[in-house]
Every structure is written in C-alpha cells, then in structure tokens.
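Novice: Those protein sequences? They're chains G, W and L, same order as listed.
So the first sequence is numbered by the numbering used here: it starts at 32 and just counts up by one.
So the second sequence is numbered by the numbering used here: it starts at 125 and just counts up by one.
So the third sequence is numbered by the numbering used here: it starts at 8 and just counts up by one.
In short, the hints are calculated from the structure, not lab data.
Glycine included, C-beta positions come from ideal geometry on N, C-alpha and C.
Just so you know, not all the hints are guaranteed correct.
Claimed, not checked - In silico lysine-lysine, BS3-like type, Cα no more than 30 angstroms apart, as pairs: (1) G/K59 x G/K126; (2) W/K157 x L/K70; (3) L/K209 x G/K286; (4) W/K160 x L/K70.
Stated by the list, open to error - Taking CB as the label site, the calculated pair distances span: (5) W/G255 x L/K136: 30 to 40 angstroms; (6) G/E41 x W/R321: 25 to 35 angstroms; (7) L/E213 x W/R321: 20 to 30 angstroms; (8) G/I312 x L/S90: 22 to 32 angstroms; (9) G/T337 x W/G255: 24 to 34 angstroms; (10) G/E349 x L/K209: 37 to 47 angstroms; (11) G/R348 x L/K136: 26 to 36 angstroms; (12) W/I267 x G/I51: 50 to 60 angstroms.
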Amino acid sequence: MTENAKPLLEIRNLVKHFPIYSRGILLKKQVGFVHAIDDVSLHIDAGENLGLVGESGCGKTTLGKTLMYLEEPDSGEEVFSGLNIFEAFRKSDAKVMHDVRHGIQMVFQNPYTSLDPRMTVFDILSEPYQIHKHVPRNEWKRRVYELLRMVNLEEYHAERYPHEFSGGQRQRIAIARALAVDPKLIVADEPVSSLDVSIRAQILNLLTDLQKKKGISYLYISHDLSSVRQITNRVAVMYLGKIFETAKTDSLFEKPLNPYTIALLSAIPVPDPEHQRERIILPGEVPSAVNPPSGCRFHPRCPYATELCAREEPKLREIVSGHLSACHYSEKFL
Amino acid sequence: MSTNDDSQGVSQSAKPSTQRGASQWAVAWRRFKRNKAGLAGLFIVLFFVFIALTSPFLAPYPPRSFESLYQGEAGEAPSFKHPFGTSKAGLDVYSEVLHGTAGDMYVGVGATALAVAIGLVIGALAGYSRGGMSDILLMVSQIFYTIPLLPIILLAARVFLIIVAQGFGLTLILILLGVFGWATISFIVRGEILRVRELEFVQASRSLGASRNRLIFRHIVPNILTPVIVTSTLMIAGNILTEVVISFLGFGDVNTSTWGITIQEGITYMRTEWWTTLFPGLATLFAVLGFNLLGDGLSDALNPRLRD
Amino acid sequence: MTTRERLLDVKGLKTYFFTEAGVVKAVDGIDFHIGRDEAVGLVGESGSGKTVMSLSVMRIVPKPGRIVGGSITFEGEDLLKKSDEEMRRIRGRKIGMTFQDPTSSLDPLFTIGDQLSEVIREHNRAISKSEALEQTTKLLEMVRISEPGLRVKNYPHELSGGMKQRIAIAKALAAGPSLLFADEPTTNLDVTVQAQVLELIKDLREKNRMSLVMITHDMGIVAEMTQLVQVLYAGMVAEVAETHSLFKKPQHPYTEALLQAVPRIDQRRDLRVIPGNIPNLINPPSGCRFHPRCPYAKQICIDKVPPLEETDRGHLSSCHFWRTLDLQGA
C-alpha cells in the first residue's frame, strides 16, 4: 500500500436518507428521514482490507449497499478504478454499470437466504456467465469446478441444492459466486455473524487467503470487533451515519483517539480470565437515526462531553499520521 | 485444505456422487407421500379428473337426454339399468352425474386457472413496482376483492337470460368466477413478492447485473409458487361449490349438465325421488373433500418450517 | 469438584427429539451441578445441547422433544417426579430463565407493568394490586430502567432491544428465584448494550446471592462472568473445570480448538481452523463425537465412547488421552 498510489475506491460526501411516511387512506405524506448515512467520505486501497464497524443503526450495511448502487445514494461522489460511479448509474451508462457489476461484489450475512433455494450450486455459480454471456457454455463446467476448489469445496457439490449444505459451506458458495466475475473489491457484510464459532475461522482465513492470492480488496462490515482485529489492515468506526474514527487496525485498537471507540473496545469481553481492564459502561441506548442529537451525535452518552460538543459537530480530522478522529478532544487520548 | 464431506441435510451419504441432489420439489414430494390424508385427496382428485375426461365413453346416455321418459322409465329408483335411478323428467342420473363431473371440473379448474393467471400478473406488478403503480394496483385488487361474488353472478345470469333469451352456459360462469376471483391470488402474490424481493439472493443476482425480467421470472416467481399452488387447489373446491349453489338457486343454464343442475331438478321431489339429489350431492361432497385434502397435504409438504 | 451444597444436580440426562427425519439425540447423557451462589458457564455451539438442557430442567422441552433418561434434583427434590402444577410453582419462584430473544418472553398484548405485576402476584397471592405495582417499579429500578414510573405503562414493542432484555431479566427475577438460567442474553444486543446487561447480571447475582447458569458460545463472556465452566459438544460433556484453569490449560481437544479459533480484541494472531462441521445428531459419530474433527484422534476414539474422568488438574474431561496430551490455552 504505497501512499502515492491512487486508491481503488474513493467515496466523497456520501449522503443517504430513507424517507418515513405516514399513510392515510389514499395518500401518504413524508414526515421525516432516517439519517442512514450523513456525509461520509472514505477510501479503500488496492489489496487492502478495510473494516467498517459500528452498532445497529450506524449505517454500515447501508453504506455497503449504496457503494455498489444496490441502493441509490442521495448525493455524493464515488470513484472506482478511475470511473465516476454514481454519475454513470444516473446516466445509465451501460459500460460503466457493467464494470461495476464485475468489479464490486457482495457477500451477505445470512447464508440461508443468500442462495436461491431453487437453483443448484452449478446454476448459482454459472449465473454470471448466463447473464453476461462472456464465457462460452462449454467453459462453464471447468470454471465452476475451479471456483469450488478456490473455496475448498468439492466438484461434486456442484450438483447439490443449497439446503443440503451447512451454514459455513453455504457461505463458501456465496464467496465463490462473488469470485466468479473476478472482482477487485468484495463487500463482506457480516459474513460470519450467522455461523458457529468453530466455523468462523474457516471463512475468515479463506477471505484472507484470497486477499493474498488474488489481491482482492475488502470492505469488511462487522459488529464483531475481535474478527475485525484479526483480518483487516485499516478500520473505520461509524456511529449514527457518521464516521467517527479511522486508522490502521493496530493503531486503532491499541491507541483509540475517540471516546466512542474507547467505550466500544472496553465493552467487549476478552476470553482471558486474567485480563484486567477499565470498563466504560455507556448510559442509555443508541439514539434513533431519525432525529440525531445536535452537535456531536455521541455527546448525550459521552463521558467526556462538554458544552462545545453539544453545540458544534466535530469534523473528521487527522490527529496523527494516518489516524483520523471526529472529536474536539482527541488530543487528550494520545 | 479440504474438509470432510459434511452435508447436514436429511441425506446422510458421504459418497461423492455426481448425480443431481434432491431439489425442493423432490423433498416436498417425499414429505407429501407420507401424508395419508393428502394422498387420499390426490387419488380422489385424479379419479374425478379421469371421469371428467372419459365421461363421453362411460355414460350410457348423452348429456341432457330425456330418453328414459320416452321409454316410460322416468322417476324410477336405482336399478341395474339405471344405477343412480332416473329423475322425474326422465334423465338418467348416473349419466348426468358423469357428465356433470366433466362440467364441474371444467368450471372449477378453468375458473381457477383464469383467476390465477390474472392474479399472478397483477400481483406481480403490484409487488415489484414501487410507488404510484403499486398503490393503484393494490386498490384495484381491494375493490375486486370486496365485490360480492354470488349476487353479481346471479344478476349477470338474469340479465343474460333477458337479453339473449337463453342460459349462458358453463363458459360464462367460468369467466365470471375467474374475473371476480383473482383478487385473493393477487394479494398472496403481492405479499410474497414483497417478501422475496428483499431476500439476499435476489440482491446478489442484482449485483451480478441480472436484468429485471430475469430477477422476476428466474428468481422471484419460482420461490412464490408454494402459497399460490395451495390456494389454487382450495379455490377449485370453492368454485365447484359456487357453481352448485348458483345452479341450485335456479340461476344455472338448464341445457348444461352439472351436479348443481341435477340437484336443483331433484330438490322438489327429494322426499320421494331422493336419488336425483343424493348422487350428485355425494359427488360434490367428495370432489370438494378431495381438493381440500389435497390442498392441505400440499400445504404441509411445501411448508418450509418443517424443513430440517 | 468440591462437594458444596448442590442446588441443582443433573445426572445422565437424556433428551431426544422424535422428528420425521429421525431421533435427534440433543442431550445424550449429561451431568451438571451447580451450588448456591455460584456462576457456572455452559458453553457450546449450536447442537451442543446447552439450551435443551436448561429447557429440560425447567421441563418445558417443546414437542417433539421428551426427556427419556437421567435424573434432575433441585434443592434435594426430584423434578422429574413433579406434577405439572408443582412445576408451575417452581418455575419463576425457584428457577428463572431468560432467552436469547427477549421478545419471546414478553407478551406483546400487555403492558410491562401488567406483566411484571402478574408474575409477582402469581407467586404471592396475598399481595394487593398496588403493592405489586410498587414492587414492579422497584424491580425496574433494579434493572436500571430509567423513569420506571412511566415505563410500566409501555408495551414491549415500544422499547428497544436492550430495554426488553433487561425487563425480561426483571420478569425472570420477579419472584426471587435462587437459580437463573440466562440463555445467550446478549447475543442479539449491540456491544455497548451488552456490556450494560452483563454488568447488571453480575450485580444482581451478588446482591441477591443467586446462582447463575450462563449459557453462551462467547468465551469472552465465560471468562468474565463465571467461576466454573462446562463445555458441551454434540449433546455430551467435553470438559468441566474452574474458569481460569480451563483457559490456562484445557484438557480436552475441543476446548483447546475453541479457545484457539476465537479471535481476540487485544491481540492479532492466527486463528485455528477446526475442520468439518457440527455433527448430525440423528446419526452422531461413533465413539467420541468429536473424533472426525480432532487432530489427535486415534482408533480408540472411533471405537469407544470416552468416559468423563477427573484429571490431575481437577477438571473433568471426556477424552481418552487427557493424560498424554499437552494442550495449549488461549
């Protein structure tokens, strides 16, 4: 990851709000917004695994979907491999849309609903070839077997149906499907949360192997910070639609500079009875994204909040090289 | 690093076979076979279908044939020559019941097919499109759903009689039942599409670049068939019953052979010539029972909650 | 295991599910004990039998499941011999339970106040409505619900996940049981809310001197909340030990694998991959159920079910080779 190389993906000032309606008998009226993503900017370098963490309602899943134009953004820019994505989709630029559908793929959280139960594994994995017709039919079998091998499954699995597989295997099939189009970036949305603990390592290691072997970049979305620590190179922390902190993984976990991150890290139980640490228990719950708090969105729960925090929203700024934080008092935590 | 073979499904084999695995239909069929009531329903339905198809050959008398009257055999109790007896007007009840089978199967299945065809299209559009179009279609479905079926048909029958001076035949009943019965199907289809649309495997195909048509017909529709199939089966039973009621109330076409017509003819003399109403009545009972049992059996077999 | 006064004593419990596909041997011979004022972790993944075990003790195993063998003794009495009426008086009053999804323990049709008051009055017929309401408000304070006076009028769907779970805990504790089964109480909750709920459970346990069975798959929660741990695998006991001893030096290959497969937040390290899958409980592997996935398995592991033995470190281990294996901790 050289500093001079252009990033693979860059998002600038992304905004995505979901309207809320109140339904009458015939007509409906819009009564507010869910501020799912509020002015988010980030970038992913080639071959990098960026972790995106946050609690429910922070907007991380929406970000993953919007990035791939599975949801339509309200405003903002996205540049992927030099192409201006949002503009191209708005103009229905077929070539760019095609490149995006090949360049960015997604692996979903629930392995039980991410595979069409009516299709065999062969059908599922050859679907991209059926859609785009860029691979001749007599090549399909070879390619499908190759994909299965890449995810440590056997050739004979191709003739089976999804319901004949376990959760971990289904997830591997889902990963194989994502690989079928040779993507440069995979958005992995909580890929192991639905799996048993002893199976998770299989999938996490597989993702890392593929990253090494094929140079694929990842956006690894998860609420499980322990797995994020294992496999990512950089991490971004989200809260209520905003990015609160982003840094190299080790830096973030060893020296977090944002009170929310600090509280988040301290909340996680460590599998070591000898481990002693100061636990910060945050009051209250994550507030609703419909009416986010004024100023810094975290201020009502922050143990360090001052009057400034309630008034003025802190900008995401670089505190130390490569380590950004959105807090008025980040320097305190150095 | 390869893993041990680890299918978690019902099939326990660790043998690597290249034959196709068990599709969901195959699994459902296996489950269906274990359901005795459902199997009974299936046999009854198949039996009636068989009769309906072969009635011209099985029935000794053609439809609406009053020959028995001319032979002085009207109003006779069941005998060797007339296994179900003859009506006061001279119809051979056995033949009429057989022809009626064809008539009621025609109406029952035909009307349902029409209702499903319309309901699928409207429901799919309502479920997949967003905004105004979806709301309008929903409203249309709601209107059609609340229109009372029976009074409309009875009214139409009367009007038709007055205008064209003859009964309107089975086809018109079929059309009316279909045209006023599609709303239930469209609600089901719409609801299912709304559910399936957001499932991840549809999103995954979208992200692979699948066209809207491919998404609807290759992915969504095959996954919503289950409730449609079950409802259709039960709808056939309902339509048959409705036909019987219409004819029984005297609004049917006397020139057609249906169970309802035959029952209606015999109702006045039920005390004495009980066979004219009994046999078509039993036929109706078994047909409706058969379709209901079949529908229940299908519902259990296809119900995803029972899946391992 | 020291011989303290045993509050709950489960021996050789067998609970099977008689399904269309076959007999699922969810719990196949499990021993479990807990004493007064103890916190024991019941650890396992899906299919381990941890939930079914607690449902068996409460005798609320859903059909097609049935307890087919073993004994359950609580406060010296045999629970399997109790009538339905007697079990109803024990549930809630003596033994409480919370579930992973708090929505299922709360009735959507009644307000929080009504539900909690009902539990209180169920076990104390003499109490009046207003007294019950007072106690309800105190209960909500105990589980740190803000503005309890207002909350009693809320319906469950008006509350967040964290609040619902805390209220579910309050409901389980309303009648003052001496034993609480907490089944994955925080799995569906956000990280920061999880911390709140765990702290709460810890405090309540200390204040009320209640015994706690913490059912979880999260080794971090086990490390924090328990003094003793029981590790289950595929319906059988793998290992039982004091918590810090288990983490430092496990004496069963499954425990070792589990500890090494779990990522940690305080360090980066290679994750150990456990090959294969959780076994099918209709036709479980012969002998030791872990043998298809165990790196140390030998022929005897396939042939003979390993007995649960006491080890040199005071653990109980069901591995043929605990004597010779040098297993690594977390």
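Novice: Each hint should be assessed against the structure and marked as holding or not.
Specialist: Going through the hints against the structure:
1. Simply put, G/K59 and G/K126 have alpha-carbon atoms about 37 angstroms apart, too far for the 30 angstroms limit, and the pair is violated.
2. A distance of roughly 23 angstroms separates the Cα atoms of W/K157 and L/K70; the hinted pair therefore holds under the 30 angstroms criterion.
3. For the hint pairing L/K209 with G/K286, the CA-to-CA distance comes to about 28 angstroms; that is within 30 angstroms, so the pair holds.
4. With a C-alpha separation of about 21 angstroms, the suggested pairing of W/K160 with L/K70 holds against the 30 angstroms cut-off.
5. A hinted range of 30 to 40 angstroms for the beta carbons of W/G255 and L/K136 is inconsistent with their spacing of about 51 angstroms.
6. For the hinted restraint 25 to 35 angstroms between G/E41 and W/R321, the CB-CB distance of approximately 31 angstroms keeps it satisfied.
7. Remark: the range hint 20 to 30 angstroms for L/E213 to W/R321 is contradicted by a beta-carbon distance near 50 angstroms.
8. At about 44 angstroms, the CB distance of G/I312 to L/S90 disagrees with the hint of 22 to 32 angstroms.
9. Taking the beta carbon of each, G/T337 and W/G255 are about 46 angstroms apart, not inside 24 to 34 angstroms as hinted.
10. At roughly 39 angstroms, the beta carbons of G/E349 and L/K209 sit within the given window of 37 to 47 angstroms.
11. Hint check: G/R348 to L/K136, Cβ distance near 58 angstroms, so the stated range 26 to 36 angstroms is violated.
12. Between W/I267 and G/I51 the beta carbons are some 28 angstroms apart, a value that contradicts the proposed interval 50 to 60 angstroms.
Consistency note: the structure conflicts with the earlier hints numbered 1, 5, 7, 8, 9, 11 and 12.
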